[in-house]
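S.K.: Kindly generate the complete structure, drawing on both the sequences and the hints.
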Amino acid sequence: MTGSSLRLLMAALVAMALAGDAGAVTQDRAQPDRSQSRTMSKAEARREVWPKPVDEFLAGEYLERADVVLTRRDWDLSSYLIRLATKSPFSHAAMVFTGPQFESGFSNTFVIEAGTGGVDLTNIRDYIADKSTFIAVKRLKTPWFDEMKQARVRGILLDKIKASYNYWAIGRIFKNIWFGVQRQVRGKEKTIESYRKNDWRPPNDYICSGLVQLGFVEAVIEYVKADKLPISALKEVVFHDTAASRLPDAADWQFLDKETQKQSADIFEEQNIVELEAVTPDDLARSDKLDWLYLIRDGYVYKVSSYQDVLAQTR
Numbered sequence: 001m002t003g004s005s006l007r008l009l010m011a012a013l014v015a016m017a018l019a020g021d022a023g024a025v026t027q028d029r030a031q032p033d034r035s036q037s038r039t040m041s042k043a044e045a046r047r048e049v050w051p052k053p054v055d056e057f058l059a060g061e062y063l064e065r066a067d068v069v070l071t072r073r074d075w076d077l078s079s080y081l082i083r084l085a086t087k088s089p090f091s092h093a094a095m096v097f098t099g100p101q102f103e104s105g106f107s108n109t110f111v112i113e114a115g116t117g118g119v120d121l122t123n124i125r126d127y128i129a130d131k132s133t134f135i136a137v138k139r140l141k142t143p144w145f146d147e148m149k150q151a152r153v154r155g156i157l158l159d160k161i162k163a164s165y166n167y168w169a170i171g172r173i174f175k176n177i178w179f180g181v182q183r184q185v186r187g188k189e190k191t192i193e194s195y196r197k198n199d200w201r202p203p204n205d206y207i208c209s210g211l212v213q214l215g216f217v218e219a220v221i222e223y224v225k226a227d228k229l230p231i232s233a234l235k236e237v238v239f240h241d242t243a244a245s246r247l248p249d250a251a252d253w254q255f256l257d258k259e260t261q262k263q264s265a266d267i268f269e270e271q272n273i274v275e276l277e278a279v280t281p282d283d284l285a286r287s288d289k290l291d292w293l294y295l296i297r298d299g300y301v302y303k304v305s306s307y308q309d310v311l312a313q314t315r
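Position 278, counted from 1, in the sequence shown is what this note's numbering calls 278; the numbers after and before it change by one each time, with no gaps.
Hints are computed from structural coordinates only; laboratory data are not their basis. If you're wondering where the values come from, they're calculated on a predicted model, not measured in any experiment. Every residue, glycine too, gets a C-beta built ideally from N, C-alpha and C. All the pointers check out, no bait thrown in.
Calculated lysine-lysine pairs in the BS3-like style (CA-CA distance at most 27 Å, straight line):
(1) K52 / K303
(2) K289 / K228
(3) K225 / K141
(4) K289 / K225
(5) K289 / K141
(6) K160 / K225
(7) K289 / K87
(8) K228 / K160
(9) K87 / K235
(10) K258 / K141
(11) K225 / K235
(12) K225 / K258
Computed beta-carbon distance windows for the label pairs:
(13) D257 / P53: 53 to 61 Å
(14) D309 / D257: 41 to 49 Å
(15) D130 / A59: 19 to 27 Å
(16) L311 / G60: 21 to 29 Å
(17) R246 / F106: 35 to 43 Å
M.R.: So, in structure tokens, the structure goes:
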């Protein structure tokens, strides 16, 4: 073998060795990525382990602003009367307002609700701590319902936080009983009208779900009037079947100009305020415009996908 041939052979061997080392280095560098990928997969997999403890659930990013919260207390007289009148497992409604996953400075998740003292904020753990309570969570699922609009819906409810509907305890109980009986005999809308004629407000436990309904409706009307949502979005947030049936289908709105559409939105709320205030927790539970997400009971959170799932686990 000549000197030049030997030099060529040595150069080739060195190149092969370097290539092998480079491949090994590349492979070694890739190892942490694969390990990291496996770790990420485990974290993702953990998110899908159900049921999960309440603390883990509340510490994660499972809830969103304006999620609808439906609750029931088994040993509460007012709760019993509402369930008797509506034939529903739920007697109260609230809305997720804020929490550590939304804003800094909070260590707990709060819901906004109408209760015996008016509209107020309540720590969701107060519900969970009551062992006779179970909680279900639903969410409006439409492409346009982004974080900004979620925040506005809860803001509408916040605007009403000074509203107070206090009754003397005995009078409130008798009125609630009367409301429940009358609702079964005459229907909820006519009973609400009768309350208005007597200058009464509907019982707070009914106002709670009406408050949630009005939050959605008034927020959408604001966005329609600001040209940030089409008028057809209004029907997507009306959870009272009769009231919703009075709104045109999406395609039919094209026959009205923009200004007439905006005026129609205001007129709709004015003419259907009784029905909107009369929305009950059961109306929210049965509405297919709200997706079922979670059921919380006995310290654990379960995923649910239908009303039947909830009924099966709460009987």
